[in-house]
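> Protein chains in written order, with numbering that gives the first Met the number 0: chain E, 0 to 263; chain W, 0 to 319.
These are calculated hints, taken from the structure and not from any lab test.
Idealized CB from N, CA, C, for every residue including glycine.
Watch out, some of these pointers could steer you wrong.
[As the list claims (entries may be wrong)] Taking CB as the label site, the calculated pair distances span:
id, chain 1, residue 1, chain 2, residue 2, range
1, W, S123, E, S32, 28 to 34 Å
2, W, S123, E, D23, 22 to 28 Å
3, W, L131, E, A221, 38 to 44 Å
4, E, V33, W, E10, 44 to 50 Å
5, W, G215, E, A17, 46 to 52 Å
6, W, Q26, E, S255, 37 to 43 Å
7, W, Q315, E, S32, 55 to 61 Å
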Amino acid sequence: MLAPVKVAVCMKEVPAAAAPKRIDPGTKRLDRSVEGALNDFDTHALEEALRLKDSAAETEVVVVSMAPERASESLRKALAMGADRVVLVSDEAAAGSDLVATTAVLAAALERESPDLTLFGQQAGDADGAVLWAAIADRLRLPMISQAASLELQDGKVRSKRQTEFGYDVLEAPLPCVVAVSDAINDPRYPSLKGIMGAKKKPQDVVSLADLGVEPGRAGEAGSRTAVLALAEPPSRGDSRRIEDDGGSAATEILSYLTERKLL
Amino acid sequence: MSILVYVEHHEGEPVKGALGVLSKAAQLDDEVTALVVGSGVEPLAESVGKHGAARVLVADDPSLEAALPQPRVDVLARLVTERGFGTVLFAATVLTADVAAGLAARLEAGLNWDLVDFTLEGGSLVGKRAALGDSVLVDVGWTSEPRLALVRSGTFEPVANGGQAEVERVPVELEEWSTRTAMVEQAHEERAGPSIEDADVIVAGGRGLGSPDKFGMLEDLAKALGGAVAATRAVVDAGWYPYATQVGQTGRSVAPKLYVACGISGAIQHKVGMQGSGTIVAINKDPNAPIFEYSDLAVVGDIHEIVPRLTDLVRQQRGA
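All chains should be built: construct the whole structure from the sequences, respecting the hints.
Take a look at the structure:
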């Protein structure tokens, strides 16, 4: 039996897969007025937390997020999957936060919860960022493992396989620690009907920067150290061609394409 | 503007992407400093110097042997603070992304990632970042120093100018908490033939192959084209092909002149590892495969029909 632990899972709301994605030319921020959904990558972190809870029922799973208040719709799915409660940091002063500002806020929320294990997904599906956990670990002065393709909890330590460019390393970190899991680690469960019904009764605690004791100057654009200067169309890859094969005929077309471009 | 380039290394060699960033930085500033961190890494300084560094700082200590990010943040934070570097550049890898992000938090510094270029505009550093699946090119800047940047790997080719750098050992002092993560076992690389990073032509296979034995067909095509075979994470995870051939976010980043993607759907995780390729030819039976959105030649069809024929045709043409 594993010792019960408190697990925080940091989750982000991103535009839903089917929603149009655009950067608002006025604010130069991602347009978040479209339908939102949980960042897929983060559901792997939640699944890993729920597996710990499956093997030790006293484990508490808290979802921590920073988003406009309407994200509570998306976050309800995390509760339906089995999380115990949500802490949603929602404050207009936090809009437009970059890495430094976001992690100042999230670290304060995590510090208040003081979990044994803090989990992240491997990246944000919208900003392609894969940087949050390392900054959070540094702010909280906690050991960290990223790109974890496995996670075992034993004797107060986390042991993970870390996937890198060169293969799998085996890393070990004592609790409390921060782990970012890869999406190869598990297949997230679907919420059960019972879970969906129960999710409505589970607490979603909406907190402000003031509640966390974060000065407004540390969040949002005021607390950010990067800026978007301009937006442009990317250079086109040139004329993209499309051909439909008919019983292998495309081979000849590929050959002449490569020959034209002097790639043979 | 005092640029510091962090040079990661693996098995006694600086990684190619880091030397590329160094070469690019040397075009903007002829006083670029490079930093190498590890154990027994001083010999790397010579090669780093040849790629444009005027000075190479070496943090060489047994406690830095394992490729772990947090002790590296300690070394960088001290150097950047004491010496006042205005800009710190990283070629993005799993390790350096963690180092850069940790450093950003430690120094309250701005970090821009996924840069595909950087320039000086009116004396200020401006990064170019491809966002939203490369559908938008964003100019990004920094509002304070130091400016931290992660450059998309495979972006710049290393240029050896034959220069010689001044080498300086720097002190290593680590925080107690940053050394709590331990490396129990370091990945051992199994190499299968030449590295895919150096190949001019890559033929890559994904789940659409259907079974591992179909890689033989790709090997034939690669041989005919004078290239190497690569694989997606899905098939490497399934044990179909060796890890060293994996292209993507957690694998290698490649930028060959020609990339032939066979039965690869083109998830973002794969795309980030090969989008720098010169010409991308994709063959997939699914007309809606995402890879077609960034291919130069999109071929809708069955790889099992097309690939063997193409191999024959290439052989005939080359033989002629």
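> All hints are to be evaluated individually against the structure, with a verdict given for each.
Hint by hint, here is what the structure shows:
no.: 1; hint: W:S123 / E:S32: 28 to 34 Å; result: holds (32 Å)
no.: 2; hint: W:S123 / E:D23: 22 to 28 Å; result: holds (24 Å)
no.: 3; hint: W:L131 / E:A221: 38 to 44 Å; result: violated (25 Å)
no.: 4; hint: E:V33 / W:E10: 44 to 50 Å; result: holds (46 Å)
no.: 5; hint: W:G215 / E:A17: 46 to 52 Å; result: violated (39 Å)
no.: 6; hint: W:Q26 / E:S255: 37 to 43 Å; result: holds (38 Å)
no.: 7; hint: W:Q315 / E:S32: 55 to 61 Å; result: holds (57 Å)
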